[in-house]
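> Dock chain E against chain V, hints included.
2 protein chains.
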Amino acid sequence: MSLAHELADPLQVRLLRLLRDEGPLSRAELGDRLETPRTRLSAELDRLVAADIIAEAGPAESRGGRRSTLVELNPRLRFAGVDLGATSIDVEVVDARMETVAAYSEPSDIRIGPKAILHRVNELLGKAKVEGAYDRLDAVGIGVPGPVSFRDGVPVSPPIMPGWDRFPVREFLSREHGCPAVVDNDVNIMAIGERHGGVAHSVDDFLFVKIGTGVGCGIHLAGEVYRGSDGCAGDIGHIQVDSQGPVCSCGNIGCLEALFSGAVLGTQALEAAKSGRSSSLEERLAANGTVTARDVALGAMEGDVVCIQMIREGGRRVGGVLAGLVSFVNPSMIVIGGGLAQLGHILLAEIRSVVYRRSLPLATGNLPVVLSELGPRAGVAGAAVLASEIAFEQAL
Amino acid sequence: MSLAHELADPLQVRLLRLLRDEGPLSRAELGDRLETPRTRLSAELDRLVAADIIAEAGPAESRGGRRSTLVELNPRLRFAGVDLGATSIDVEVVDARMETVAAYSEPSDIRIGPKAILHRVNELLGKAKVEGAYDRLDAVGIGVPGPVSFRDGVPVSPPIMPGWDRFPVREFLSREHGCPAVVDNDVNIMAIGERHGGVAHSVDDFLFVKIGTGVGCGIHLAGEVYRGSDGCAGDIGHIQVDSQGPVCSCGNIGCLEALFSGAVLGTQALEAAKSGRSSSLEERLAANGTVTARDVALGAMEGDVVCIQMIREGGRRVGGVLAGLVSFVNPSMIVIGGGLAQLGHILLAEIRSVVYRRSLPLATGNLPVVLSELGPRAGVAGAAVLASEIAFEQAL
Numbered sequence: 004m005s006l007a008h009e010l011a012d013p014l015q016v017r018l019l020r021l022l023r024d025e026g027p028l029s030r031a032e033l034g035d036r037l038e039t040p041r042t043r044l045s046a047e048l049d050r051l052v053a054a055d056i057i058a059e060a061g062p063a064e065s066r067g068g069r070r071s072t073l074v075e076l077n078p079r080l081r082f083a084g085v086d087l088g089a090t091s092i093d094v095e096v097v098d099a100r101m102e103t104v105a106a107y108s109e110p111s112d113i114r115i116g117p118k119a120i121l122h123r124v125n126e127l128l129g130k131a132k133v134e135g136a137y138d139r140l141d142a143v144g145i146g147v148p149g150p151v152s153f154r155d156g157v158p159v160s161p162p163i164m165p166g167w168d169r170f171p172v173r174e175f176l177s178r179e180h181g182c183p184a185v186v187d188n189d190v191n192i193m194a195i196g197e198r199h200g201g202v203a204h205s206v207d208d209f210l211f212v213k214i215g216t217g218v219g220c221g222i223h224l225a226g227e228v229y230r231g232s233d234g235c236a237g238d239i240g241h242i243q244v245d246s247q248g249p250v251c252s253c254g255n256i257g258c259l260e261a262l263f264s265g266a267v268l269g270t271q272a273l274e275a276a277k278s279g280r281s282s283s284l285e286e287r288l289a290a291n292g293t294v295t296a297r298d299v300a301l302g303a304m305e306g307d308v309v310c311i312q313m314i315r316e317g318g319r320r321v322g323g324v325l326a327g328l329v330s331f332v333n334p335s336m337i338v339i340g341g342g343l344a345q346l347g348h349i350l351l352a353e354i355r356s357v358v359y360r361r362s363l364p365l366a367t368g369n370l371p372v373v374l375s376e377l378g379p380r381a382g383v384a385g386a387a388v389l390a391s392e393i394a395f396e397q398a399l
Numbered sequence: 004m005s006l007a008h009e010l011a012d013p014l015q016v017r018l019l020r021l022l023r024d025e026g027p028l029s030r031a032e033l034g035d036r037l038e039t040p041r042t043r044l045s046a047e048l049d050r051l052v053a054a055d056i057i058a059e060a061g062p063a064e065s066r067g068g069r070r071s072t073l074v075e076l077n078p079r080l081r082f083a084g085v086d087l088g089a090t091s092i093d094v095e096v097v098d099a100r101m102e103t104v105a106a107y108s109e110p111s112d113i114r115i116g117p118k119a120i121l122h123r124v125n126e127l128l129g130k131a132k133v134e135g136a137y138d139r140l141d142a143v144g145i146g147v148p149g150p151v152s153f154r155d156g157v158p159v160s161p162p163i164m165p166g167w168d169r170f171p172v173r174e175f176l177s178r179e180h181g182c183p184a185v186v187d188n189d190v191n192i193m194a195i196g197e198r199h200g201g202v203a204h205s206v207d208d209f210l211f212v213k214i215g216t217g218v219g220c221g222i223h224l225a226g227e228v229y230r231g232s233d234g235c236a237g238d239i240g241h242i243q244v245d246s247q248g249p250v251c252s253c254g255n256i257g258c259l260e261a262l263f264s265g266a267v268l269g270t271q272a273l274e275a276a277k278s279g280r281s282s283s284l285e286e287r288l289a290a291n292g293t294v295t296a297r298d299v300a301l302g303a304m305e306g307d308v309v310c311i312q313m314i315r316e317g318g319r320r321v322g323g324v325l326a327g328l329v330s331f332v333n334p335s336m337i338v339i340g341g342g343l344a345q346l347g348h349i350l351l352a353e354i355r356s357v358v359y360r361r362s363l364p365l366a367t368g369n370l371p372v373v374l375s376e377l378g379p380r381a382g383v384a385g386a387a388v389l390a391s392e393i394a395f396e397q398a399l
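Chains as they are written, first to last, in the working numbering: chain V, 4 to 399; chain E, 4 to 399.
Watch out, some of these pointers could steer you wrong.
Said to hold, decoys possible - To spell it out: a stretch of chain V is covered by chain E in this simulated footprint if at least three of its residues, at any positions, have a beta carbon under 8 angstroms from a beta carbon of chain E; those stretches are:
| # | region |
| --- | --- |
| 1 | 105–116 |
| 2 | 224–232 |
| 3 | 236–243 |
| 4 | 333–341 |
Since the hints were derived computationally from the structure, they do not count as laboratory data. By construction, the Cβ of each residue, glycine as well, lies at the ideal position given by its N, Cα and C atoms.
If we strip away everything but chain V, and leave its shape as in the complex, we get (with noise of 0.2 angstroms):
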């Protein structure tokens, strides 16, 4: 796949990456998973605990014959992923182990620009610092709501982030905190995120498909993100799903995201509490003023006939979309994530029923189509574990 990661040194990333993945292991053990000669290891190992990356962690227990040694990452490394929504900023910090040792989640706008983002970014990470939290971190990875250049590490042409084309995300994040960083699109981060902790955890070609305000798919192939050759594979929104629909904010017509998002969901709730057709959401506008997708997924719950139609006929066209990805892309997973995957199981039950029908029977003979795991958390854990493999690849 096209990776940032074919100039790394294999061995050192492989090896980093299991104790990251399994905690403490001997060098026996080491020896045996990544099939190296002895002689090889040792040298690799003795360069990354002269370089302060991994630590002796006591003896191992016995297999027969000589001792071997615990080796383990050092337990100070710190990574922090960012996950930037068009209404949120998420913040995590986590340690070798990828387990969470500081985590912030706050409403805001990425329209207010890259400087007043990224500068409350870097806020709340000095918050995290003061907390004690780190006292230095290894590495930043960001997921950003747009099209990224991976290579530059900056965002493209992003529709939805004025302001943003072409900032330098990457250089800004590495300068401030002293540490590589990496920028990549959010529904990315993702994917990498539910594979590493989450639903698909292990399985090596899969298809992530965020329906939030937007629509977007992240693609995982071989066991790695494919982010295609100009960097916006997987844009999945605006791919035509009725000649005769709705213009879409990009200018053509029918997009999938102009007939199904949560954008369009919070509109046609609206119009379906203000005309009466749906009581509950009508009920939900007089008590709060306003409604959104959220109260549709309630309103269905409640059995409110409206609701379900409405989700039943926005699962009906994106698992449209992902029949002929399905048919395309012969994926041996689909995961659903997004704010509109709390719809749940009504949006999951369309979704399926429309991909195992319209695609080939030896493309869908087994196909999960599951939700998310990791929900929210999705994207900001996945932008650690981003952080994490760039660390890996330029330590040293």
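Below, chain E without anything else, positioned relative to chain V:
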């Protein structure tokens, strides 16, 4: 990517590929190009010379200092490529440099079953042997018009190939010719052919769209064929393009293939000829007793409006599907091949127009949509390249 290659020695394969594609190289040049230390490379070369896979080819031109020796692939190496179509058999034998030394092409009918078809393939290969094209084959590659389990070397539930389901094609050919064999989908081998010796030369991420009796897509990512988790990736013929469209042979409604393919165009042409709507097709029907997709192409070249419209309508359908795939996979090139590529520039112009209009600017800013360069030879050339790859992996 999910490749069969994973376990092979990368150095061996990289070295043999380089000699295949560039011809004789000096030991010094090989060391530079493969970025391999001299002692490691020498050991590898000695091993391959001893096994008669490569040969010394005299002294290289001096680069100053000690003269280096040229090495080349053993000129006696021979690979066979076989491309089975729904109604044709193409066979080629190529040498170590992928130059054709024998080629046969004849009409056939895939429905007569694997034994009869493969028997005929063996007869054609036998004929090549008698005519002096080879003493023994080093590998055979074959493409079939249906889904294939690449790992198992067998067709899997191929819709238009009765009797072929799970027939051990690889084993059959391997036993007959006493060499490794490899089986793939016909579209994948066309993509491989086009990347090795055609318009997609050195392009890492591209889609090869075959429009023939059916419609399919070969997916090349990061320089390798992407086959998906069950080996059926690229089956775009059954993506729905019109929910009110005709019933497809697969049982679903409005599949791309049910609206535009060689078969559909033939039916449409016959209807337009009989009804007299197209005078060009009417004349051809009278003259030849039948009309096919080829007559539509000829009619369009003469300016027949009905023929032009039929091609444009088809291009619009294909373009609509490709626009979605471009947003999804962000390739750096699209190649149009297969029998209907003979519809030429009218088809291409319509596909381009829809793709450029409907995909994201970032993804299409630099996206050539071009016709196959190898034409009918793409499949058989790719099968021979695939054969060489298998031979390179399994050598020693």
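> Work down the list of hints and note, for each, if the structure agrees.
Against the structure, the hints:
{"no.": "1", "hint": "105–116", "verdict": "violated (count 0)"}
{"no.": "2", "hint": "224–232", "verdict": "holds (count 6)"}
{"no.": "3", "hint": "236–243", "verdict": "holds (count 7)"}
{"no.": "4", "hint": "333–341", "verdict": "holds (count 3)"}
In summary, the structure is inconsistent with hint 1 from the numbered list given earlier, while agreeing with all the others.
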